[in-house]
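**Student:** Start from chain A and add chain L according to the hints.
Residue numbers (our numbering), protein chains in the order written: chain A, 6 to 497; chain L, 6 to 497.
What the hints contain is simulated information worked out from the structure, not anything from laboratory work.
One thing to keep in mind: the hints can contain errors.
Given that identical chains are not distinguished, each listed pair holds provided it fits within a single copy or across any two copies.
Dumping the calculated DSS-like pairs for lysine-lysine here, alpha-carbon to alpha-carbon at most 30 Å [stated by the list, open to error]:
hint, residue 1, residue 2
1, LYS90, LYS14
2, LYS14, LYS438
3, LYS116, LYS44
4, LYS421, LYS465
5, LYS437, LYS374
6, LYS415, LYS90
7, LYS139, LYS303
8, LYS305, LYS98
9, LYS492, LYS116
10, LYS280, LYS9
11, LYS437, LYS90
12, LYS116, LYS98
13, LYS250, LYS467
14, LYS14, LYS311
15, LYS250, LYS139
16, LYS90, LYS438
17, LYS137, LYS438
18, LYS480, LYS116
19, LYS390, LYS304
20, LYS137, LYS116
21, LYS226, LYS346
22, LYS99, LYS492
23, LYS390, LYS99
24, LYS98, LYS438
25, LYS303, LYS374
26, LYS420, LYS14
27, LYS217, LYS375
28, LYS390, LYS374
29, LYS14, LYS139
Here's the letter readout for the chains.
2 protein chains.
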Amino acid sequence: MQLKVKILKFMAGRPIAVLNQSTANHINVHVGERINLSKYADSIVSIVDVSKDLIGNDEVAVSQEIIESLNVRENDEVEVSLAQKPQSTFFIKKKMDGESLKKDEIHSIIKDIVDNALTEAELAYFVAAVYKNKMNNAETEALISSMVSVGKRLSFDGLVVDKHSIGGIAANRTTPIVVSICAAAGLVMPKTSSRAITSAAGTADVLESICKVEFNSEELKTIVKKTGACMVWNGILGLSPADDKLIQTERVLALDPEAQLIASVLSKKIAVGSKYVLIDIPYGSSAKVSKKNSAELKKKFEFFGKRFGLNIRCVLTDGEQPIGNGIGPLLEIRDVIKVLKQEQDMPRDLERKGIFLAGQIFELCGKTKKGKGEHLAMEILKSGKANHKFHEIMEAQHGKVPNIEDIEHKLGRSKKNILADRNMKIREINNKKLNAIASVAGSPMDKGSGIYLYHHLGDKVKKGDKLVTLYSDSKTRLENALELFEKLEPIN
Amino acid sequence: MQLKVKILKFMAGRPIAVLNQSTANHINVHVGERINLSKYADSIVSIVDVSKDLIGNDEVAVSQEIIESLNVRENDEVEVSLAQKPQSTFFIKKKMDGESLKKDEIHSIIKDIVDNALTEAELAYFVAAVYKNKMNNAETEALISSMVSVGKRLSFDGLVVDKHSIGGIAANRTTPIVVSICAAAGLVMPKTSSRAITSAAGTADVLESICKVEFNSEELKTIVKKTGACMVWNGILGLSPADDKLIQTERVLALDPEAQLIASVLSKKIAVGSKYVLIDIPYGSSAKVSKKNSAELKKKFEFFGKRFGLNIRCVLTDGEQPIGNGIGPLLEIRDVIKVLKQEQDMPRDLERKGIFLAGQIFELCGKTKKGKGEHLAMEILKSGKANHKFHEIMEAQHGKVPNIEDIEHKLGRSKKNILADRNMKIREINNKKLNAIASVAGSPMDKGSGIYLYHHLGDKVKKGDKLVTLYSDSKTRLENALELFEKLEPIN
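Only chain A is shown next, with the shape it has when bound in the complex:
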């Protein structure tokens, strides 16, 4: 039936349409079910709410998502009809019951995710089904190609390189260092990054503390053309829109099923036009990947990378403890800036890892011979060229690299030192626990919140020495983080 549009001035996070009760009865739709709205050739599926008396019989109130998608104005007429439960929900059930999905079944799920045809609960069931039942190779390949097919594709001239570190390690903010070194060496590196999924902050969250990270693909191209690189959030680029939604759902429980992890990484690398891709797989007892599984994951990345024409290399790195000292956006960017500026008190472990990864990329794409990559990377870093390139990229992203003191002023208004209660040698620094504590403190949303670590594995600490400082913008959150710290004992 034809209904007149009333505009709801809010984003609901997904399309929401409100009908009055009698219209809903007429269309035969209930709260939480789906309707189709269409105008000319455009149509969108929306979840229905029912109003008691705000909406007239001949009206439908729609959220901003629908307004943008259908390009409608107040009082425009739209055609509204009952949307069927999408067929993809049956495939989700099938996967939940342990059966394998066919290529077109996976494609139907991915397409419905992008078309907003699935509810929050249905998405969660899909994530849970893949988490519990895993995907075989044919399914994973179909997932990658479906994800690519529903997204945009970019392409760049030159030696286009990329890197991805599997998340879950606290801190470990190597990306700005590696990108700056590689771009300074003349490689093209259109790096897109996620926000936090299972760790306390993603690269996009961290960079957002000093520059803009939300750009569209045209803007991305301009930045890369200008500087040879970029470091932007992948969430609104539309490179892998299905993955962007799946990640939102995964984040709810910090789930990250392997097939989706692989598809998430590779679909974005393929979409952005990368030819040489380095994957850093940190493994360890509190990392996302165990030592045992790391070799298997490496094989899978290499297998699927090849299937999609990528030159891919995986490195297994030590993920037994955080890399760097800061956990949380501003604390991490401070570490990064110190390394790029080669300051005396920079975190040496972060510098080492940045050089290692950049060196690997140089060798992978033929920039240097085998065994010579790290040397070039170190040279570029020590010479200040990488730091200069970093400033250039940050400026292109409407930001500015702050002084260390400026950062320190912006750290959480509330803070708390935690001291060693006895003499000890540090034998465990648990990534998962630290990530959980930093999240409770407000990371990544409070940019100044998080944890500063004073020690690494093997360090000897005396009673009364500082172990960590907790930062938060909110006293309540600081107390909660402190309580969780004492409960979890992340450092032993």
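**Tutor:** Chain L alone, transformed into the frame defined by chain A:
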């Protein structure tokens, strides 16, 4: 912070609060996250949406759920603060990862479900975790007692009996027959029923086609006091509010994990004050329960029933095909009325099963000796006493038992006969497929939609004979149902 209430005139299905962007930033909350709203001693957790310009800096717009829960009016002040991610989400993750949950962990999940502290996705993850990883006995017992503890408890004088048939069998509408027979015999039977979960219609959906089924617990007591029985929807009674929400989430994918099934049934029987409970477990190749699992399920029901002081009996019944001819609310109630009126063309299988179940209840509660139950049940049915009691209950529920002709006028406006395309002997009538087809036709929402079966297993059918008639209020739905019928071939 203190914010002024603006009233959103719609039910969102769960509490929704809309903040403007700057207030959201101040509280440090994002779309889809949670806030606490409180006024005096009352508080409620709500999901946040963010408005572009509808809401002022000092305002919060709230859905009807919040208005009802906090009892607030336009321009009242409420205290708004960030709600933490509930601890129960960590327990859900734990269960997802295959670990067992402790009693207090399960209780924390159930409490948060009832308090609306969990999102749709989190609820789906809980259902998926239990579906995939199952629950051990200690967990199931904790689930039952948690569900009971968050709900209301009723109690009645007299011999309070109850029955439950495991769903999934198409048609199988024995409840109105059994309740009418038992109440006519002087037993007290406060029967509460669900709406459809995995089948095309639940008893509440079916009865709703001729009477009211939504009552509160005070009204329920009045009906039972007056007639000795009731047949009402359990969804708004508050007997097991956690279960009511879980069922909504399960329905999305037609999941029904065993532990939740047991807890769902028993928590409601305990809450309503039943002392003698008969559980009908239909098994078969297209039933929810296989022959293999039925004995195990029987044992579990008996085990947990005893733990909670119920006198419980389980009967394993033939679920190889639908019981009765109609599938869909009005089609099923027509079968029921024919049996109660003892009409010539009543479905004999439905009559037989009703008598059997009522007889079992008579023996279980000591109304008759062993072996004499069915005889009494048959006597009451044949004498017209059951039919008289049914009229009495329907009147107490603001309804009226219609004539068969009146029902026939209300059946789906569109219908389609499906004929046998060859001579055959019927060897399969698939419950799951028929339920799916009836759902597509509009059941249980379109009361007149569904499937009428002309045959049962073993019948010989000639080419051109009617196999079934499909009914729907919508031509599109009828076509979709027809297409699905041809694809699934539910009758062979």
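**Student:** Looking back at the hints listed earlier, which ones does the structure fail to meet?
**Tutor:** Hints 2, 5, 10, 13, 14, 19, 23, 26, 27 and 29 are the ones this structure does not satisfy, whereas the remaining hints hold.
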